[in-house]
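Line order of the protein sequences matches chains U and X.
With the numbering used here applied, the first sequence corresponds to residues 1 to 496, in that order.
With the numbering used here applied, the second sequence corresponds to residues 1 to 389, in that order.
Hints should not be assumed to be uniformly reliable.
To be verified - Far from chain U by the CB rule (all over 10 angstroms, computed), these chain X residues: (1) 57; (2) 246; (3) 258; (4) 303; (5) 345.
Said to hold, decoys possible - One-sided and incomplete, this derived list gives chain U residues near chain X with beta-carbon spacing under 8 angstroms: (6) 33; (7) 147; (8) 148; (9) 296; (10) 319; (11) 388.
Stated by the list, open to error - Simulated restraints, written as ranges between beta carbons of each label pair: (12) 236(X) to 340(U): 51 to 59 angstroms; (13) 151(U) to 19(X): 54 to 62 angstroms; (14) 279(X) to 115(U): 36 to 44 angstroms.
Bear in mind the hints are in silico, worked out from the structure with no lab data behind them.
Ideal Cβ positions, reconstructed from N, Cα and C, are used throughout, including at glycine.
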Amino acid sequence: MPLTMPAPDQSVLARRDRIVAALRRIVPGEGVISAPEALRPYETDALTAYRQPPLVVVLPETTEQVSAILRWCHGEGVKVVPRGAGTSLSGGALPLADAVLLGLSRLNRILEVDYDDRIAVVQPGVTNLAVSQAVAEAGFHYAPDPSSQIACSIGGNVAENAGGVHCLKYGLTSNNVLGVELVTMEGEVLRLGGRQLDPAGLNLMGLVVGSEGMLGVVTEIILRILPRPETARAALIGFPSVEGAGQCVADVIAAGIIPAGMEMMDRPAIHAAEAFVQAGYPLDVEALLIVELDGPDVECAYLIEEVARIARRNGATLLRMARDEPERLAFWAGRKAAFPAVGRITPDYLCMDGTIPRRRLPDVLRRIAALSEDYGLGVVNVFHAGDGNLHPIILYDANQGQLERAEAFGQDILRLCVEVGGVLTGEHGVGVEKRDLMPEMFSEIDLAHQQRVKCAFDPELLLNPGKVFPTLHRCAELGRMHVHGGKLPFPDLPRF
Amino acid sequence: MLPVTVRDLADIVAETAAAGRRLEIRGGGSKAEIGALVRDAAILDLRAFAGVIDYDPAELVLTVGAGTPLAEVQALVAAERQMLAFEPFDHGPIFGRPAGAATIGGVVAAGVAGSNRLSMGAPRDHLLGFEAVSGRGEHFVAGGRVVKNVTGYDLPKLMAGSWGRLAAMTRLTLRLVPAGRTSATLILSGRSDAAAQAAMATAMRSTANVAAAAHLPAEVNAGRAVTAFRLHGFRPSVEARFAMLAGLLAAMGPVERLGEAEAGRLWRRLRDLSPLDDGQPLWRINVPPSGGCAVTSALAGQGARWLFDWAGGLVWLSFGGDAALVRRAAEAAGGHAMLVRAPAEHRALVPTLHPEAPGVAALSRRIRQAFDPAGVFETGRFPERPRAD
Numbered sequence: 001m002p003l004t005m006p007a008p009d010q011s012v013l014a015r016r017d018r019i020v021a022a023l024r025r026i027v028p029g030e031g032v033i034s035a036p037e038a039l040r041p042y043e044t045d046a047l048t049a050y051r052q053p054p055l056v057v058v059l060p061e062t063t064e065q066v067s068a069i070l071r072w073c074h075g076e077g078v079k080v081v082p083r084g085a086g087t088s089l090s091g092g093a094l095p096l097a098d099a100v101l102l103g104l105s106r107l108n109r110i111l112e113v114d115y116d117d118r119i120a121v122v123q124p125g126v127t128n129l130a131v132s133q134a135v136a137e138a139g140f141h142y143a144p145d146p147s148s149q150i151a152c153s154i155g156g157n158v159a160e161n162a163g164g165v166h167c168l169k170y171g172l173t174s175n176n177v178l179g180v181e182l183v184t185m186e187g188e189v190l191r192l193g194g195r196q197l198d199p200a201g202l203n204l205m206g207l208v209v210g211s212e213g214m215l216g217v218v219t220e221i222i223l224r225i226l227p228r229p230e231t232a233r234a235a236l237i238g239f240p241s242v243e244g245a246g247q248c249v250a251d252v253i254a255a256g257i258i259p260a261g262m263e264m265m266d267r268p269a270i271h272a273a274e275a276f277v278q279a280g281y282p283l284d285v286e287a288l289l290i291v292e293l294d295g296p297d298v299e300c301a302y303l304i305e306e307v308a309r310i311a312r313r314n315g316a317t318l319l320r321m322a323r324d325e326p327e328r329l330a331f332w333a334g335r336k337a338a339f340p341a342v343g344r345i346t347p348d349y350l351c352m353d354g355t356i357p358r359r360r361l362p363d364v365l366r367r368i369a370a371l372s373e374d375y376g377l378g379v380v381n382v383f384h385a386g387d388g389n390l391h392p393i394i395l396y397d398a399n400q401g402q403l404e405r406a407e408a409f410g411q412d413i414l415r416l417c418v419e420v421g422g423v424l425t426g427e428h429g430v431g432v433e434k435r436d437l438m439p440e441m442f443s444e445i446d447l448a449h450q451q452r453v454k455c456a457f458d459p460e461l462l463l464n465p466g467k468v469f470p471t472l473h474r475c476a477e478l479g480r481m482h483v484h485g486g487k488l489p490f491p492d493l494p495r496f
Numbered sequence: 001m002l003p004v005t006v007r008d009l010a011d012i013v014a015e016t017a018a019a020g021r022r023l024e025i026r027g028g029g030s031k032a033e034i035g036a037l038v039r040d041a042a043i044l045d046l047r048a049f050a051g052v053i054d055y056d057p058a059e060l061v062l063t064v065g066a067g068t069p070l071a072e073v074q075a076l077v078a079a080e081r082q083m084l085a086f087e088p089f090d091h092g093p094i095f096g097r098p099a100g101a102a103t104i105g106g107v108v109a110a111g112v113a114g115s116n117r118l119s120m121g122a123p124r125d126h127l128l129g130f131e132a133v134s135g136r137g138e139h140f141v142a143g144g145r146v147v148k149n150v151t152g153y154d155l156p157k158l159m160a161g162s163w164g165r166l167a168a169m170t171r172l173t174l175r176l177v178p179a180g181r182t183s184a185t186l187i188l189s190g191r192s193d194a195a196a197q198a199a200m201a202t203a204m205r206s207t208a209n210v211a212a213a214a215h216l217p218a219e220v221n222a223g224r225a226v227t228a229f230r231l232h233g234f235r236p237s238v239e240a241r242f243a244m245l246a247g248l249l250a251a252m253g254p255v256e257r258l259g260e261a262e263a264g265r266l267w268r269r270l271r272d273l274s275p276l277d278d279g280q281p282l283w284r285i286n287v288p289p290s291g292g293c294a295v296t297s298a299l300a301g302q303g304a305r306w307l308f309d310w311a312g313g314l315v316w317l318s319f320g321g322d323a324a325l326v327r328r329a330a331e332a333a334g335g336h337a338m339l340v341r342a343p344a345e346h347r348a349l350v351p352t353l354h355p356e357a358p359g360v361a362a363l364s365r366r367i368r369q370a371f372d373p374a375g376v377f378e379t380g381r382f383p384e385r386p387r388a389d
């Protein structure tokens, strides 16, 4: 199934010089990039199978510039694709040939930290990790911690509603954002939410988080920060079967324990990680759990014993408690290096991101193994076991022409997730990657209700078009009761 | 009107919209006295959409009919030692009626959250998915039935707290959390509002993991100011954190631990707001925690009485004076004020929800029109501006 994107508007391509000149008037100096070779670094995000150089890149430094850019583009009917750090795994920041790529990397200041109100006010280009580092001295942290946290930006986290291994206990981005400053496609600057816990009226801020850059451009974010837990303790637990590990996860939750993180790896993932970082993982188990508890020393000491008891009851054949901080970090080193570890055993890989009800895990892993045989492609499973978020990693070789097969395999896995009561994406976003699978989860009526939200923010569909929705409907057409016919086609996008 | 199937419901909404008439969505009616009096809308009673649809305690997820009584949901999950983290409560007692009428759909639609909201989130943080009939008379689903989901726009975030202005929800999927195995309440006595505010900030900056923090000034608590802190969790952890918190606060005044029954009474009074049951209009003011005292000092000396929850970020205010003063004070502190309880003639003049900035109000209006183009749910209960007359 080739991916198609909105057809480039020839009249916009023809006006390129005029567009570049107008952007230069708004953002003087180095902030406008138009030389073809300089556009190259922006042609893809972390979903590197898809590439498309943008029309032009603009890197504003102020909200006023963002507003002026959007107002001008809106007036001229020019599309805009916003971009944070370019670490999206779903192609959320994939450029369009006829769209301005609006990079927020220069809006990179932490504007204010208030420990009495427990908030940090930051610009979108600040990296996720930089927020935690800025408040570390006062004993605070920003809880969501996507794996890409040294690189990914808060603006991108907001756009994608990013998660991380600790979101089981602390929630996703949307549970940790109180307010945003949003610039609409028309250039209007709005404040949604605030420093208080709840908005006055409709929760529009909640809609913006996770909207994949399609509703507006966020230029300031008010984040909740939390006192950093005193201690973190981790246990490494090996099982002779996936069922045993799955039951252990269920029993931990049933005992009223919400670990800070609870990760599972299957046999191929354990072997790949161990070969790569020598974390000391056992090679004779079928499933490995890392259970991390955080909080006061007393609580961690008490709960880690509870977890150990539950693990033994479920037939764990290996049970190791991290004795100190280096050992705890070693437990994580293998899991955190899972992707590069897999990169060593395969020329290319695709990382999937479905969520399932936890109880369905053994069944789903069995069916993924069967699909793997059918497709003749290997698969490695890492899994945020606590919240049911699967990351099957499909191994393939693009030079052998296996990309299409790998994508078809991935789509079957996501269909399976939906079939067992789960969803297409737990934390990576729909982007372009899962866009055409949306009808697996939502009817045309469901999608129309979502797309009318888009129309309320951006009726001309100029902001990040071609993402999330499998079919472009004109807003006027969506306004009518029935939404069949008159759909705009997407042309093919070249792939690499 | 009491539809029993989704199809009935969709037909009623579509026909009413086509006829240019209005519907007021209602569950148990426990919050019916919030908002301007609605004159010409038919009541759309959703209580037939009741009952548990799916509950597997090991998943910490519950799918339930929107019309299911809140008390039933709470009893169901409590039996599995779980709870709704946002601590929803029944508004009945605030209006002098017995508890028991509130439905789960009603508390989620109204964004009702108790003292735990400080640490554990609002309904919108725990509403994973829903099914509803929009103002277009169309049945649709949004979100999912798993804890971690970013597929499509996050409509559950919008629907929670939307007060029935977008769609009639028929089914909700909610995230649950384990109920704390033990809890403990520490109180600090005799603090002024500002000193209580400082104590609550100190507690929240610590690693005591405080679940709830509230302050009852002497004027509303039989002459004795009480600042209360609640801890939840496993016993050894609660004991250790209690000792740490007591040590931290001891320098600020006498500290004591409340017995279970007494603690239960105290936190219940913060839900039923009996300390403010004085016949004056009741306001709910949401500000940054450090702004709570600024709001109340602006209104002190004009007959206002109040108490604080959410470590100062929620002010419940009893005040018979000019509504504009309340709204100005809330805005000056960076927040907003909602009129919760007042005589009908007062509610006819003062919008219940805090007026929004023009750009935000316009966007909200476009969102409402997206779900409800004919305005079938625009009953006038939540006018955007004060009435001119």
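> Once the shortest beta carbon distance from residue 33(U) to chain X is found, is it less than 8 angstroms?
Replying inline: violated (30 angstroms)
> Taking the closest Cβ pair, is residue 296(U) under 8 angstroms from chain X?
Replying inline: holds (5 angstroms)
>> Hint residue 147(U) vs chain X: min CB-CB distance below 8 angstroms?
In response: The hint is violated - residue 147(U) has no Cβ within 8 angstroms of chain X, the shortest such distance being about 14 angstroms.
> Is the shortest C-beta separation between residue 148(U) and chain X less than 8 angstroms?
Replying inline: Hint violated; residue 148(U) Cβ to chain X Cβ min 15 angstroms, cut 8 angstroms.
> At the C-beta level, are residue 236(X) and residue 340(U) separated by a distance inside 51 to 59 angstroms?
Replying inline: Once the Cβ atoms are compared, 40 angstroms apart, the range 51 to 59 angstroms for residue 340(U) and residue 236(X) is violated.
>> Please verify that the nearest CB of chain U lies beyond 10 angstroms from residue 246(X)'s CB.
In response: holds (14 angstroms)
>> Between the beta carbons of residue 151(U) and residue 19(X), is the distance compatible with 54 to 62 angstroms?
In response: holds (56 angstroms)
>> Between the beta carbons of residue 279(X) and residue 115(U), is the distance compatible with 36 to 44 angstroms?
In response: holds (40 angstroms)
> Can we trust that residue 258(X) is non-interface, i.e. its beta-carbon lies farther than 10 angstroms from all of chain U?
Replying inline: holds (21 angstroms)
> Holds or violated: is the Cβ of residue 319(U) closer than 8 angstroms to a Cβ in chain X?
Replying inline: Hint on residue 319(U): violated, closest Cβ of chain X at ~21 angstroms, above 8 angstroms.
> Is residue 303(X) truly not at the interface, in the sense that its beta carbon sits beyond 10 angstroms from all beta carbons of chain U?
Replying inline: Per Cβ check, residue 303(X) is outside 10 angstroms of chain U; nearest 25 angstroms; holds.
> Holds or violated: is the Cβ of residue 345(X) farther than 10 angstroms from all Cβ atoms of chain U?
Replying inline: The claim holds: residue 345(X) sits with its nearest Cβ about 24 angstroms from chain U, beyond 10 angstroms.
Checked against the numbered hints given earlier, this structure breaks hints 1, 6, 7, 8, 10, 12; the rest are met.
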